[in-house]
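From first to last, the protein sequence lines stand for chains A and B.
If you count by our numbering, then the first sequence holds residues 1 to 74, one letter each, in order.
If you count by our numbering, then the second sequence holds residues 1 to 277, one letter each, in order.
Derived by calculation from the structure, the hints in this document are not laboratory data.
It is possible that some hints are incorrect.
What the hints assert, rightly or not - In silico PhoX-like links for lysine-lysine, alpha-carbon gap of 25 Å or less:
| hint | chain 1 | residue 1 | chain 2 | residue 2 |
| --- | --- | --- | --- | --- |
| 1 | A | LYS33 | B | LYS267 |
| 2 | A | LYS20 | B | LYS267 |
| 3 | B | LYS267 | A | LYS32 |
| 4 | B | LYS214 | B | LYS2 |
Just so it is clear, the structure is predicted and the values come from calculations on it, not from any experiment.
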Amino acid sequence: MTVEADCLAVLASELGPAAKMFLQRQCRHHLKKEPSTLQKSDIDELTKWCVAGIQSALGAQVAETVKKGLLTLK
Amino acid sequence: MKIRRKLLLSYLLIVGLFIAAGATITYNTMKMAELQNTVKQQVEINNNFYAYQQGLDQKQFGTLMYSSDNTIEGERIIVASADTMEPAESYLLTALANNPELSAKFNEVVDIDRNTINNAISQVYSIYISNDAKKYENIWSQLTILMNAVTQADLKLSDVRSATLANVQSATAEAQNYSNMSLIIAIAFLVIISGVSVVLSIVMGNRITNPLKKLADIAHKVSLGDLNQRYYLKQNIDIKTGDEIDELVDAFRRMINAFRMTEALNKDAETEENATK
């Protein structure tokens with residue numbers, strides 16, 4: 001599986017169908033790259049921006065769950 | 001535990017209760033059948049004792065007739081008595097093999113018949129055809145012996161018949177107890193099974209429908225645009241049932257998250273669009 005697919009799997013467990021759109025947005029806006037080009041080295045940065053985005057929309061608890069899931073992909 | 005397994009376990013519990021009730025009642029029915037056989041056997045024994053007793057009386061009557069100069073009819077009755085007594089004796093000796101007490105009493109009767117009664121009859125025959133001057137006096141003496149022996153045998157047979165009747169009564173009473181017990185067990189199990197079924201259906205029904213009702217209520221509010229229902233979902237139906245309802249709640253929570261996230265992303269997009277304008 002690619003890093004994109006792994007990240008999507010983690011995000012989809014909490015965000016469902018919005019996961020793909022959310023991942024695209026965070027990658028393009030904050031990492032300045034496409035999700036398909038994600039590397040394991042981007043995980044830390046991606047996690048930081050995903051937690052920030054999720055915390056504001058869905059709360060700290062969901063953000064924490066996603067953070068744990070993304071960090072296991074390193 | 002999955003809902004289907006929970007329902008299956010409840011069903012098995014009720015089936016188990018039915019099996020327990022059925023097994024108990026079947027056991028009682030078997031016991032009653034056993035007792036019915038005992039009653040049948042004891043009645044048969046009693047009838048044969050009665051037949052033997054009648055045979056002895058016939059023998060006595062035949063001898064009296066014979067000595068009253070009705071020799072042909074007297075002999076016929078004596079021979080007929082043997083036809084009554086022999087099958088009865090044969091049956092009783094076999095049937096009483098496992099009952100030493102009754103067997104001993106019956107053997108005493110048989111001994112009286114073979115030794116005293118038959119001997120007296122033989123004596124009556126011999127004296128009757130003799131030309132003895134004290135013929136009728138001697139016949140009367142033998143008849144007295146015969147009648148005493150028959151009375152003695154009758155008394156013993158009455159005793160054993162009373163014993164068999166007592167056995168019949170005791171077996172009947174026991175069968176009645178089993179019958180009553182079966183009835184009580186059937187009623188008790190009916191009440192227990194009904195109670196357990198009602199309780200299980202209420203408990204299982206509530207466990208399934210209560211979270212679903214709450215979920216339906218929240219779904220209704222979400223469908224009207226209230227995406228804050230995610231918090232209610234957490235508070236109201238965060239029940240760890242361990243079954244498909246948990247999975248449904250998770251899926252529903254994920255769906256609300258998706259709505260909220262989509263809404264947030266759209267807002268961001270709108271803001272960015274406005275900024276570029």
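Taking the hints in turn, this is what the structure says about them:
For the proposed pair A:LYS33 and B:LYS267, the alpha carbon gap of about 22 Å is at most 25 Å, so the pair holds. With a CA separation close to 17 Å, the supplied pair A:LYS20 and B:LYS267 stays within the 25 Å bound. Proposed proximity of B:LYS267 and A:LYS32 is supported: the alpha carbons are some 20 Å apart, at most 25 Å. About 19 Å separates the Cα atoms of B:LYS214 and B:LYS2, which keeps this hinted pair within 25 Å; it holds.
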